[in-house]
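J.: Whenever a hint applies, use it, and build me the whole structure from the sequences.
Line by line, the protein sequences are chains A and B. The numbers in the working numbering rise by one with no breaks, and the one at position 77 of the first sequence is 77. The numbers in the working numbering rise by one with no breaks, and the one at position 354 of the second sequence is 354.
Source of the hints: derived by calculation from the structure; they are not laboratory data. For glycine and all other residues, C-beta sits at the position ideal for the given N, C-alpha and C. Heads up, a few of these hints could be off.
Said to hold, decoys possible - Listed next, with one range per pair, are the computed distances between beta-carbon atoms:
hint : chain 1 : residue 1 : chain 2 : residue 2 : range
1    : A       : Asp83     : B       : Arg119    : 50 to 58 angstroms
2    : A       : Ile70     : B       : Glu281    : 36 to 44 angstroms
3    : A       : Ile70     : B       : Arg316    : 24 to 32 angstroms
Residues per chain are reported as follows:
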Amino acid sequence: MRLFGKTSIDFMGKRKTWYIVSTVVILVGMGSLFVKGVDYGIDFRGGTELIVQFANNVQVGDVRSAMEKIGFGRAEIKTFGSDRDILIRTSEPGEGNIIAEQIRAGLTAHFPTNPFTVLKEDKIGPKIGAELRRDALYAIIASLIAICLYVAFRFKFIYGVGAVVALFHDVLVTLGIISLFDGVFNLEISQNMVAAFLTLVGLSVNDTVVIFDRIRENQKVFRSMGLIELINKSLNETLSRTIITSGTIFVVLVVLLIFGGEVNRGFSFALVIGIVTGTYSSIYIASAVVVEWAERSKRKAKLID
Amino acid sequence: MRKNRSKIILIVAAVLVSLYFLYPTYMDYQLHNTLEQLHGADSLAFVAKNENDLREYRQKRIKLGLDLQGGMRVVLEVNVLKLLEDLAKNKDNVFTELIAQVREEAGRSEESSVLLLRRKFEARGIRLSRYYGSLRDDDEKIFQNLEDEAVKAIDRGMEIVRNRVDQYGVSEPSIQKLGGTRIIVELPGVTKEAEVRQLLQGTALLEFRLLRDPEVAIKVMESIDKVLAASMGDSTAAKPDTTVPADQKTPEELAREHPFFAIVGISQQSGEAFVMEDNKEKVRRFLELDDVRAVIPKDMEFAWSAKPTVGQDGARFYTLYPVKKTAELTGGVIVNARANIDPNTNLPIVTMEMSSEGSRDWARITGANINKRIAIVLDNAVFSAPVVRNKIIGGNSQIEGMDNIEEARLLEIVLKAGALPAPVDIVEQRSVGPSLGEDSIRSGIYSALIATVLTILFMLIYYRTGGAVADVAVVFCLLFLLAILAQFKGTLTLPGIAGIILTLAVAVDANVLIYERIREELTTGKTMRAAIDAGYAKAFTAIFDSNLTTFITGVILFQFGSGPVQGFALTLMIGIVASMFSAIFITRVIFEVLTEKSGSAVNFG
Chain A
1 MRLFGKTSID FMGKRKTWYI VSTVVILVGM GSLFVKGVDY GIDFRGGTEL
51 IVQFANNVQV GDVRSAMEKI GFGRAEIKTF GSDRDILIRT SEPGEGNIIA
101 EQIRAGLTAH FPTNPFTVLK EDKIGPKIGA ELRRDALYAI IASLIAICLY
151 VAFRFKFIYG VGAVVALFHD VLVTLGIISL FDGVFNLEIS QNMVAAFLTL
201 VGLSVNDTVV IFDRIRENQK VFRSMGLIEL INKSLNETLS RTIITSGTIF
251 VVLVVLLIFG GEVNRGFSFA LVIGIVTGTY SSIYIASAVV VEWAERSKRK
301 AKLID
Chain B
1 MRKNRSKIIL IVAAVLVSLY FLYPTYMDYQ LHNTLEQLHG ADSLAFVAKN
51 ENDLREYRQK RIKLGLDLQG GMRVVLEVNV LKLLEDLAKN KDNVFTELIA
101 QVREEAGRSE ESSVLLLRRK FEARGIRLSR YYGSLRDDDE KIFQNLEDEA
151 VKAIDRGMEI VRNRVDQYGV SEPSIQKLGG TRIIVELPGV TKEAEVRQLL
201 QGTALLEFRL LRDPEVAIKV MESIDKVLAA SMGDSTAAKP DTTVPADQKT
251 PEELAREHPF FAIVGISQQS GEAFVMEDNK EKVRRFLELD DVRAVIPKDM
301 EFAWSAKPTV GQDGARFYTL YPVKKTAELT GGVIVNARAN IDPNTNLPIV
351 TMEMSSEGSR DWARITGANI NKRIAIVLDN AVFSAPVVRN KIIGGNSQIE
401 GMDNIEEARL LEIVLKAGAL PAPVDIVEQR SVGPSLGEDS IRSGIYSALI
451 ATVLTILFML IYYRTGGAVA DVAVVFCLLF LLAILAQFKG TLTLPGIAGI
501 ILTLAVAVDA NVLIYERIRE ELTTGKTMRA AIDAGYAKAF TAIFDSNLTT
551 FITGVILFQF GSGPVQGFAL TLMIGIVASM FSAIFITRVI FEVLTEKSGS
601 AVNFG
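T.: Right, dumping it as structure tokens:
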């Protein structure tokens, strides 16, 4: 079976149109980040978080009034998966697990006929939260640098730059979309979410490298071909693989998103977005950066002439 | 076939080794399934019969992270400030005020509390020697000493925590040092939070307790043995068969007639009771029975050695010490302890210094108990039980008889734990209930299965024979991944399952790259064999480079991440290696065997 015959799409010719699309998506995302922000999870914020499962369905509002009674009116309360599972989170300072104990006591008092069990209880000190935030940032920066260096070493420097620009693009787009869709799903920025971002970086660069590899190979064979034509040829040749692989991973991730359970939801959502933008950016960002660079050098060379 | 013989042997070997690594995981699953269906006495009997297997398989199976099996993770931080307060002498208002200021700052600052305190003192023009060390010492020296104390406090804290967790009896606990001042404790399966918090945070209790004479202890143990034999004999009503000498009886008979002595040995030389590690739990259960407790004298109890002794044959056994219930002295009187090598004998020793008031008691206690043994007990575990040689006046004691300097260092830490409890704070606590864990496993495995089946079907339809071969590779890849995880004691977490799913996608990608290439080569008119050769050769750099970059992110994730995230990074890294082996090497060999006679046996759709 074959889904794609031989194609000859002029990818690079339309790159400027796609720049606009990318810019718009990123701007919308940034706007949402600016206005709405992202929801930092307990890992990065510090505080106390409980996930409790009630025997019968409860209303979030009801839980809120229970929390207001014990003075935790500012606590964040939402359902977690089903209407029986409730997540309660507060940054209220308190020694040890006093806060968690107060919350449990408050719930028991407010729902005397609806017993609950604690599924998960986390308490993170504020100092730890700050450290985890810093480590996560370091991890992302370190991986971007490492990838840039590796790609620059295996290909040419400008390819490394192209790959990293594409990765920045992917991270920004995904972050923006997460900010937009937070509330529809539980999309808080947790340690798992950072892992998702790093995986997204890995998948995206994986795709980019496959295309670069083909460009490198074609450069050796078609020495006289212009760069744009060469890149277009390489993109067309790898298109079938790009779509099959990305398509497979996309399906896998959608399965994970739907059936993977509440705990994995944010993680798989970020990756679903990531695989789409990662595939797109390999073509319209990573390869395009290489083209732009070459065009600019050409113009410069002309000016000198 | 011949050409590929060595490769095929390699693949078969890899598969067999993988199956061998995964066997304990499978058996563990089987045994626990059987166990779940049994009830009451049956399950107890099953546990007794399969105790060794159960433990062994459990140890070697794939470990599940806390997020999957439920449990607690606690991060403790040594409270250096509290330590500084405890160490200070002549505390006055100025000191209290400065400490309060440092406490305020330490919450925000990255710098050590010792340094902050020093700065505060310098700003006020107060010398550190006013509160610490001796007047002759300059600030720099005292500062260094205090920093040293802070470092030692964490070792002490680790030892105290480890000792308590060991006594508490959690299976597979993990206790690690993190950075300079933190201890990570992971306790799978534990949900009693309040109990654990107390366990980890309570002040360490060091005691000196007199050992009862071996003769007394043996008498008590004989009564215990009788009580147990009587309670067990109830059902079978078997009278001890006195016509057969004891050494000719079968182990079963012995166990029935002398349930206690069947698993508790008595040393001929020292009269000490010892128990093989495997039987420790059983003896512990015996000792908790009401009937047994009734025959133990009121002022006596049994305490376990903190660490097992390793015999010549590698057997590990614990000593069961008969100690007096009331302590002669508690560790608060210890001023200092130090492990050393005795210059005369070249053997490790520990010297211990006591406060003047402790020294008086100590002189009286040692004087009254010459040639008797005094146990050094930390949180109910005996670390050493030296014999009193003579009356110790002045509070300077010397303890000998350690096998090596490590043992001596441990004793030093233990003795200091009594003097200076390492104050620890809980800075992070996570607990996952077992039911959330079960739900997570179920949905994780469920989605992994759906994803795998979809991928396998797609490959089969899209690439025909090639797809079938790729599917075989995917299965092998999964097998290798799990085997490596089991063998190297990796931990499977929920993000780890996601990592496995991604690995499978990466493995499929490698084959997609190769097959697309082969298809391209076929359109240029090459024969099947030539196309396969060219396809593999040309796709290799792309696969290698792309996998290596993903691997790099894996390494970084492993470095910076913690807990579940590390689990993800680990499966990703192992998965990349496993998928390269199966997707490139194994599929290649299969194709070569298939195309040996003719190229038409293979089809790439």
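J.: For each hint, tell me whether it holds in the structure or not.
T.: Quick rundown of the hints versus the structure:
In this structure the supplied range 50 to 58 angstroms holds for Asp83 of chain A paired with Arg119 of chain B, their Cβ-Cβ distance being about 55 angstroms. A C-beta distance of roughly 43 angstroms is found between Ile70 of chain A and Glu281 of chain B, which places it inside the suggested range of 36 to 44 angstroms. For Ile70 of chain A paired with Arg316 of chain B, a C-beta distance near 51 angstroms fails the hint of 24 to 32 angstroms.
Checked against the numbered hints above, the structure breaks only hint 3 and satisfies the rest.
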